[in-house]
Amino acid sequence: MQAPPLKPGGDPQIIAPRTPESLPELRSPRRIRWTRRRIALKRFWRQYRRSKMGLAGLAILIFFIGMAIFAVVADPSGADPSQTSGPVLSPPSREYPLGTDDFGLSVLTLVVQGSKISLLVGLTASVISMSIGATVGIVAGYRGGAIDTFLMRVTDFGLVIPWLVLAIVLASIIGQSLGAIILVIGVTSWPATARLVRAQVLSIRERPYIERARALGASNRHMIWHHVLPNSMPVIFANTILTIAIAILSEAALTFLGLGDPTNPSWGSMLDAATEAGATTLGAWWWIGAPGVCITLVVLAFTMCGFAMDEIINPKLRDR
Amino acid sequence: MGSRRYVLKKVAQALLTLFFVLVFNFFLFRILPSDPVKFLTRGAGLQINAAEQQELLREFGLDKPVFPGQFIDYMGDTLRLDFGTSLTVQSGRPVLEVFTGFMWPTLLLVGVSTVTAALLGIWMGIRAGWRRGGYFDRTSMGVSLVFYSMPEFWLGMLLLILFSVNLGWFPVAGRETLGANYTGFAALADTLNHLFLPALTLTLAYMGEYYLVMRSSLLDVLGEDFIQTARAKGVREKLVLNRHAVRNALLPTISLIALSFGFVLGGAITVEVVFSYKGLGGLTYEAIQSQDFPLLQAIFLFASAAVIFMNLLADLVYGHFDPRVQEA
Amino acid sequence: MNDVLTLDDVHITYHTSSGGVPAVRGVDMTVRKGEVVGLAGESGCGKSTIAGAILRLLPSKTKIEGTITLDGENVLEMKPGRLRAVRWTGASIIFQGAMHALNPVKSVGDQIAEAIVVHQQSAGREARVRVGSLLEQVGLPSRRMQDYPHELSGGQKQRVMIAMALACSPSLVIADEPTTALDVMVQAQVLRLMKELQRELGLSMIFITHDLSVLVETSDRLAIMYAGKIVEEGPADKVFHSPQHPYTEALAAAFPEIGDDRFRGKPMGLGGDPPDPADVPSGCSFHPRCPKAFEDCPTIEPDLYPAGEGRRAACLLVPAAKDRAGAPA
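Chains as they are written, first to last, in our numbering: chain A, 247 to 566; chain B, 10 to 337; chain C, 146 to 474.
If you are wondering where the hints come from, they were derived from the structure by calculation, not from laboratory data.
Any given hint could turn out to be false.
What the hints assert, rightly or not - Which bits of chain B does chain A cover? Going by a derived footprint, with three or more residues having C-beta under 8 Å, they are:
1. 23-32
2. 155-166
3. 173-183
4. 256-269
Each residue gets a CB set at the ideal place from its N, CA and C atoms; glycine is no exception.
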């Protein structure tokens, strides 16, 4: 049985595509949105799973986050100098797997306890940095005009100032506390994020659905909240991961220079203490090695995860 | 001609940014603390009574209103390169003198490291991006990631332990052998001997970042259509790489390298501390420890000016090579 | 040798992380000297892949089977040195100039000259003179050779691409969607230019586009591609005005001509999307979207049956197919 041929002068013959029967009945817009997000997340994870680098990074991260959680619940007395019992500056042994410091404290315990501070500072500071940066970037990119120019001048200014010197100055003024360090790092590292987010927003702004939404009468708040923000999230998220890596390195540098919180020693503080005690000349490699290796591994892990995410978001970097 | 206008515009922008830095610097140290005198003399640990306080206030010009009185004083002083006197590090000496005494070793260290790191990083990045997925790419990526993730001062400590303490190949500290008073060639050799490990540390630490930036910039460019056009024309692969791909990929890399100069300076500070290398880094450290704020203020200004200058340089180089930028 | 280009049973498979994707699944094609062959189809049908394959510009892991004969030589067996020499002199490609097909940091004159210099046809001042005359040939003043791509409009960049393609007097010119990104008015100008040049210089051309109405004006013969295969070919106006394949009918109907009564008040379109090359429908790959599909279509894959004077069509409804129908592909 043949279907009637296309006849000029006949009825319009538009052939509709078959609807896939598997699509469930979708009700509200919110339902649709969350279903879409869940599907997108699943797809993202499937792609992420394929990256060896991303998985390795994730594994290392889980290990150290586990260590930090353990540190929170474990007994901190092992890091308290007034309660020592071990031999001073002894190399790794069965009793002290990572050796001891110049107070006789187990380096392993110090490292475990330090993990919670280093990670806490890194994460919190980058959340601050990311929030400021993303806000500035979105407002500048979306509003454009004079606001954009002004914000970009400020951002450029922030980029130009050598961060460590500024951080040192701020820290010496504000004081040496955990909050101060977090604040200092957060406030000095947002410009890079702002620039990146603004570039992303500028490209989103040109997309057709933005024009359509505006034609439908969407307000600015609606546009930013429902269109610009969700579409910049992948970029913001990947960038945040990389920012955490930088924040951890920054924290290490600041505490190494003695600007950390003495009551909350992190890995950087351990390196500071080691240098002060002359560990380099005394050859106490375990004391210097352990916290450094930890910092390197955590930063490496975040960087690898961030790169893996970048490859998924930016297809040009993927293997074609 | 378009490019002259571009150069002037960029120089003007740089000067404007410098001006903002000056303003920022001023307010940072005056506005934040509540009692300026106590703040400024805090480090010196001086005990002063009310009369002396008044005297000091007048001497520092702090009895004038902050704005415009103090501000104008400050701008005037800065233009005459008068940065006050050091409070604690070298008490009594003009900051400018103290500063210049420590400037050249740091310039040498940072200069040598940045150039070497840039050359190495760019070369590796090109090679890795061009043969993407190959053996060199994967290996250099791994190595660069590891060096990038290391705190540079820790890397310095490791190198110190290995090469100086254990192997004795290099001196353990300082920028010159104290008391030796070498001259001429011997002095040069001595300087290089002390410079080697700190420079190696900084080079390795920053090479990784430049490598990653160059590589990703090249990969971006290789995805562009004009690369295929060049190949279709029958241009040899090597020329496609150098004449088309690298030429385009190098430009954003250079700007990013200039932008990261601020981090290089930060790294120099910590590395100098590790190696007790008598440069601005060590000076900054001492200034923090003893809270010598006039000195810190001057260092802040200089560091910012250095970064602004590097960025200006990068902008000019970029403008020279990329014709699109010159259209204002 | 009257045939400039011959494709013989060409299969092209891309390599991806999820396996091989067949982009071209058995194509035979010939371009005679001085002839313009139009190659039409929707995105993903394989037409641009063929263009890339002729000069072996596809990604290195791509598998190309069959023979591609250019000026009597098999391109697929050429050594790298010979291939590079043949590129641009044997065949050249007019890319979509409006996109980033031009190097932004070099002047357009330098880029055209590069083709001339690379093939050692001349150098220095001689090359610049030739560049100047090429630009004039495409309607641009020769002093524009100093300009950079961003200083030119879309239409001007396209003219530069044309001039560049002619630089080494190739035997075959492949135009890959040369007018797609241009405004309609500019499109018309560029098309007119290409027609003139083809007539003047007697160029052999392959004109690739998805816009069938453009091809009718410019081509001598038409080949319609769908899902990696040619589904109809023949003299251009015959194919367009009396198509033998339902896909051609639908394509032709989608581009209404002003003044042609058939289109008055009745927009006609083809629903659905072209198939994913990795997942081509069974039998006749067009059957899910075909208005004339019947029960044999999903099972029998049609060959290109003779369908008139110098015409072929791959549809089971073609009279000649009935003689061979029943034999599975």
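Going down the list of hints, with the structure as the test:
1. 23-32: holds (count 3)
2. 155-166: Holds, because 8 residues of the segment 155-166 of chain B bring their Cβ atoms closer than 8 Å to Cβ atoms of chain A.
3. 173-183: holds (count 3)
4. 256-269: Three-residue rule not met by the segment 256-269 of chain B, so violated; n is 1.
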